[in-house]
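One-letter residues, chain by chain:
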Amino acid sequence: MSAETFPVEAGHIMAFARAVGDFNPVYHDAKAAASTEVGGIIAPPTFVQASAQYDPDYPLRPRPGMTWFGSGRTPSGLISESSASEKSESSGGGGGGTGLHAEQHYEYHRPLRAGEVLSVSTRAGESWEKQGRRGGLLQFREAITEYRGQDGELVVTARSVGVRTGQTVKEA
Amino acid sequence: MALSSKDLSVGDVHESLVVDNLTRTQIVQYAGASGDYNPIHTDEVFATQVAGYPSVFAHGMLTMGMTARMLTDYVGDGRLTKFGGRFTSQVWPGDTLTATATVTSVEQGGGAPIANFDVVTTNQSGVVVFSGAATARLD
Chain A
1 MSAETFPVEA
11 GHIMAFARAV
21 GDFNPVYHDA
31 KAAASTEVGG
41 IIAPPTFVQA
51 SAQYDPDYPL
61 RPRPGMTWFG
71 SGRTPSGLIS
81 ESSASEKSES
91 SGGGGGGTGL
101 HAEQHYEYHR
111 PLRAGEVLSV
121 STRAGESWEK
131 QGRRGGLLQF
141 REAITEYRGQ
151 DGELVVTARS
161 VGVRTGQTVK
171 EA
Chain B
173 MALSSKDLSV
183 GDVHESLVVD
193 NLTRTQIVQY
203 AGASGDYNPI
213 HTDEVFATQV
223 AGYPSVFAHG
233 MLTMGMTARM
243 LTDYVGDGRL
253 TKFGGRFTSQ
263 VWPGDTLTAT
273 ATVTSVEQGG
283 GAPIANFDVV
293 TTNQSGVVVF
303 SGAATARLD
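As you go down the protein sequences, you meet chains A and B in turn.
Numbering-wise, the first sequence is residues 1 to 172 according to the working numbering.
Numbering-wise, the second sequence is residues 173 to 311 according to the working numbering.
These are calculated hints, taken from the structure and not from any lab test.
Hints should not be assumed to be uniformly reliable.
[What the hints assert, rightly or not] Computed Cβ-Cβ distance ranges for the label pairs, DEER-style:
| hint | chain 1 | residue 1 | chain 2 | residue 2 | range |
| --- | --- | --- | --- | --- | --- |
| 1 | B | D184 | A | Q131 | 35 to 45 Å |
| 2 | B | V200 | A | D151 | 51 to 61 Å |
| 3 | B | T197 | A | A34 | 30 to 40 Å |
| 4 | A | R159 | B | G282 | 25 to 35 Å |
| 5 | A | A143 | B | T276 | 23 to 33 Å |
| 6 | A | R63 | B | A284 | 36 to 46 Å |
| 7 | B | S227 | A | G39 | 41 to 51 Å |
| 8 | A | G136 | B | G282 | 42 to 52 Å |
| 9 | A | A30 | B | A284 | 19 to 29 Å |
| 10 | A | R159 | B | A174 | 17 to 27 Å |
| 11 | A | F23 | B | T220 | 38 to 48 Å |
| 12 | B | A174 | A | F23 | 15 to 25 Å |
In this text, all values refer to a predicted model and were calculated from it rather than measured experimentally.
Note that beta-carbon positions come from the ideal geometry of N, C-alpha and C, so glycine has one too.
Chain A on its own, in the form it takes in the complex (with noise of 0.2 Å):
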């Protein structure tokens, strides 16, 4: 699942471009943007990740009526009170291993502006399976992700790599 449409909001892109340290002015400054190159604001490269925000079924967001696997009472949303106590035995936040971003890869067709409502779609690409060097067996999952503009036109293509790890993942 991903978002069917992604509303690109000019206060959007200045919150995503603070949190990556990015002051650039073409990300906030309408004015300043306007005497660039590109004549607005327009997003930073890897700003359509932020499209997870428009997507209702996004398991790393707690979502209402759900249960949220991160703490509160207990260590774990998915550890009960009464178990709490005991050391938990389960590594990993969704039961099992933990999964992880390998790769992203991004082509990026024409500048990406505020104001634009784009349509997303998400396709599964390959799997494939290696042994870790760290992690036990790693699975890998791609999915491709197209980003388009108003006129059904290519504006950003996205590839992710997912990896699923036997086990926690020990620092390098």
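Starting from the known structure of chain A, fit chain B onto it as the hints suggest.
Chain B alone, transformed into the frame defined by chain A:
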């Protein structure tokens, strides 16, 4: 603002300090902006007691986003045509990261000239945390 093909040669290096002493607050800030609230990044109790890590650690995409800043400051706004790579090691609170682009080719092509870059981000111990490549349109 953008780079000119006349000024670029294969092997040219551009380097930038992209974060000095990464804070847990910046990681949380990235979680809020990106929407990825995975508690391995945002929740020290969960990260240490449940997931078994020494602390929370940064989203790979935060490292990539900080690395992108080095690139766009170098090649100009809206000039990247490709950017990608692998997350090769975790980034922890307190880390200091340096991102480096090295010109691997400059192509004159039919239309606008383009440059290809190797992109590497390392931590304060010299460990590579992100390794990839980028392509940009030049003047």
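Evaluated hints:
no.: 1; hint: D184(B) to Q131(A): 35 to 45 Å; verdict: holds, 38 Å
no.: 2; hint: V200(B) to D151(A): 51 to 61 Å; verdict: violated, 37 Å
no.: 3; hint: T197(B) to A34(A): 30 to 40 Å; verdict: holds, 32 Å
no.: 4; hint: R159(A) to G282(B): 25 to 35 Å; verdict: holds, 26 Å
no.: 5; hint: A143(A) to T276(B): 23 to 33 Å; verdict: holds, 27 Å
no.: 6; hint: R63(A) to A284(B): 36 to 46 Å; verdict: holds, 45 Å
no.: 7; hint: S227(B) to G39(A): 41 to 51 Å; verdict: holds, 43 Å
no.: 8; hint: G136(A) to G282(B): 42 to 52 Å; verdict: holds, 49 Å
no.: 9; hint: A30(A) to A284(B): 19 to 29 Å; verdict: holds, 27 Å
no.: 10; hint: R159(A) to A174(B): 17 to 27 Å; verdict: holds, 26 Å
no.: 11; hint: F23(A) to T220(B): 38 to 48 Å; verdict: violated, 32 Å
no.: 12; hint: A174(B) to F23(A): 15 to 25 Å; verdict: holds, 19 Å
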